[in-house]
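Chains as they are written, first to last, in this note's numbering: chain A, 1 to 347; chain B, 1001 to 1238.
Bear in mind the hints are in silico, worked out from the structure with no lab data behind them.
Honestly, I wouldn't trust all of these hints.
[What the hints assert, rightly or not] Simulated DEER-style distance windows between Cβ atoms: (1) B:Gly1040 with A:Glu82: 20 to 28 angstroms; (2) B:Phe1201 with A:Glu180: 42 to 50 angstroms; (3) B:Met1062 with A:His205: 49 to 57 angstroms; (4) B:Trp1127 with A:Leu128: 26 to 34 angstroms.
Beta carbons: idealized from backbone N, C-alpha and C, even for Gly.
Here is what each chain is made of, one letter per residue.
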Amino acid sequence: MITTSGLTKVYRGRGREVTALDGVDLHVREGEVYGVIGQSGAGKSSLIRCVNLLERPTSGTVTVAGQDLTALAGRGPRAGRELRRARSRIGMVFQHFNLLSTRTVQDNVELPLEILGTSGKERSRKALELLDLVGLADKAKAYPAQLSGGQKQRVGIARALAGDPKVLLSDEATSALDPETTRSILTLLRDLNRQLGLTVLLITHEMDVVKSICDSAALMEQGRVVESGTVSELLATPGSELASALFPVTGEASGDDRTVLDVTFQGEAATQPVISQLSRTYNIDISILGAAIDTVGGLQIGRMRIELPGHYEDNVVPIGFLREQGLQIDVLGRAGQESVLAKEGAK
Amino acid sequence: MRPLLEQACWDTLHMVGWSTLIAVVGGLPLGLLLVLTERGGLLQNVLANKVVGQIVNIARSMPFIILMVALMGFTRWITGSTIGREAAIVPLAIGAIPFFARLVETAVREVDHGLVEAVQAMGGNTWTVVRKVLVPEALPSLISSATTTVVALIGYSAMAGTVGAGGLGDIAIRYGYQRFETDLMWITVAVLAVVISVIQFAGDYAARALHRRGGRSGAAPRLRLLKAGAAAPEVTKV
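With the rest of the complex left out, here is chain B (with noise of 0.2 angstroms):
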């Protein structure tokens, strides 16, 4: 039982771990870009924007069993098979860009226009803004929605196990679902359960430490609550 498990742990990591670098990769620059052609943006371009909006969404619209079957052309296109631990990555990381992609979003509009602003009147182009400006100041949120990616990810990761990429939500199913080893499925949810604490637990560990940078002295417990998204009242940034 326990080379089984360990096996499927690894299965997992290593699939989660790769899916969720493409999509970080992917989906940066795409989060980025929704923020930019928006109107008013720094790139503006309604029709560009209107266009990558909706792929994203027609994308997170697709259940990702459906995704994994629809995508098997390219799948086998990129790995040279359909099946397995490796041609589950394309899936995963395919699934998780757009989802990815609004999170960064999100996280790149809540930047002070003001910062923006004041890189511009000292002469900055875009690509300043983006990589001094928009990038470093939205980090902090942006380990969170990693964190949130990474989660999704280990549940998308079950259903991978249905093109025999193995991994523990796929032991969970097969051994402890369909035959009836209640044991080894309870084992399997709480390895999970440890797995996604660990993960979100460093998440949010490595988000906080960055907002401590941004200010000791009692400022930062405030941000935090800036970004935690409730109403956000003029009087935090002071």
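Extracted from the complex, chain A is given alone in its bound form (with noise of 0.2 angstroms):
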């Protein structure tokens, strides 16, 4: 649905040049909840401002729906008829939500319309259905200043659902609001994802986010993508940084001679009762030290800390059972030479 190949946006200032995005390829799937996340000055800023060509790329492709939107730009700084029609059908939330102060809720979700020349009785029409639907039907003749955070971001969110677009892009649109607030607009994203079959594609810097509304993400460092994939993609790919972040595990053995495993679930493999099949089938007692599972459309996915008795040389069976269960297992600390050999071998 949104495609980046090759995006590169150079800041020119007097004589210094900043790399924003360096050569950025993204790719996000029709009907996807797409994440990038990075810290303050990774570029991701950039990169979704590209997305729809607020920001000019300086080279590299940006294809919208099919639309290859680089082309529309032409050369000069203003954006031309073809580029405008291709916005209006791309919408986008802010993260000071951006709604005109002097017009009340139901003229701020109008205003698309009107630039889309949407005759009168309809544009209300539309806009009254759109309030409706994130909420927020009683607040139509408030103006924004009378509303909280959540309830302001609510009408952005209308207003970008203005032009029926099928893809929402969404620039920290949780960032200047509280984690309770944060939940209720996150959980709105989603069911608009699933009812509407809208794609989108959202930057943050909150794991969190990612965490309860993502089915892909990207990981975005010093203008580029160092990881990406889907949430299980990610789990699978040993040593990555978003997986670990987004499935943290903790606990510390608790004697000298135990072993202590990370065990990954994704997949298939995740469908059976591991823990229980192997403690019968080798009659050992497993302790889980930690924990971070997610049920994502029935399968679960996520990480689980467990520890055995005895050391490494002891276990190795019940280990290679795991992997034959089609487990990713990580061996921790044994005498500090397999975990480093495994992170080794994971990069």
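Please dock the two separately framed chains into a single complex, following the hints provided.
Below is the structure:
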């Protein structure tokens, strides 16, 4: 649905250049929620603004819904008719909401329709319908200054949906909100994604956002995408920073003669009750030190840190059993060597 | 004395009213142009920006009385005369256009760039941005700017007396100052003070009413502080 290839953005200031994007290839599938996470300055904001060409990429292409937007851009800094029409089919929500303070909530939602040239009656019908969808039907006549942050963002979302977009871009939409409001806005985005089949590309610096609604994620550092994929693909990637941030497991061995394993569940293997099978088959006591597991589409994915009695050498057979079940096993802290080796292997 | 003052009052309002109208019609696009053509603006054109900016600066640096004399040829071409009430409107309007344009520039620049971006993301063009965002969002400030312009024009209009335009200022100078009719001078000054107070009050009221529309529930006073020009903390936008 959204594809960027070789996207590069260089800002030229007085005698110095800053590369905000350095060859970003991103592929967002239709109907998914895709999260781009990174620290401030990583280039994620430039990335999302390049997708609807609010920012002109220095090089590379952006394709949205099969349309090459970079080809529509033309040479000048101003957006031509074609590009403006393409933009009207891409919704965008902003961190600071960007609502017009002199217009009522309803008039704010009608603004994109005014730009599209929709008739007055149709505009108000559509606006009220959208306000109902985001749960603000009773605030149509209020002004933005009378609303809370969460309500303002709901108006922002209703406005972004006015042009019936297939794609929604979310530029840190929840970063100015408190945790509870953040959750309700994320739930709304998730519902819209499901109900309307909306493809959502969001950028954020909060791992929780990715964790709660994203199907896929990408990690950006210094203008590059360093990891990307669906959540289970990331989990399957040994040493993935995103996976360990999404599913953090902690816990220390309770004694010297113990073996600590990180078990990663994803895909088919996760449907088997492997831990109890292991326990029964080899007659060993297993303690769970920590776990981070989510159920996505009926499948469990996540990580679990377990402890087996005895040294590594005593547990070679049980570990082999787990690996046979299709689970990814990382052995921790075996005289400090195994984990180092495992990590190096991962890289 | 009364008919004299009454006539002067009407003369002043006539001159100031028309020249304000012309100044707003001319200064608004000029001010918008100054913002739009600046570096990073929607119609970025550094050369045009410099040229327009310089013209505005030169026009503003010229003392009004000099401007009036300098424009005499132009005034005659427009009104057919260089003296009288109508003739005074021409230099008054031309002097006020760059004045108002600078105020417009400041007011429009205060509009949050995020709003401009939001409209661009919806597929709006520059004209849409001007019509739907820049002017409506800056409107309270623009009203204040127009009020300031009216008050400045009343001051200038006193000098218009030198071309026989009449008006309150002219009475104060000719009768009060030159003929030592101190009473008349003070009365005229008092009338001017009342006129200016009324205009200022009306302008403030209109600007405040527009702000209030933007939000009751205590947000209006904070917004007003923001517009008053002092340090504008991010917090006020919550």
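Structure-based check of each hint:
no.	hint	verdict
1	B:Gly1040 with A:Glu82: 20 to 28 angstroms	24 angstroms, holds
2	B:Phe1201 with A:Glu180: 42 to 50 angstroms	45 angstroms, holds
3	B:Met1062 with A:His205: 49 to 57 angstroms	53 angstroms, holds
4	B:Trp1127 with A:Leu128: 26 to 34 angstroms	28 angstroms, holds
No hint from the list above goes unmet by this structure.
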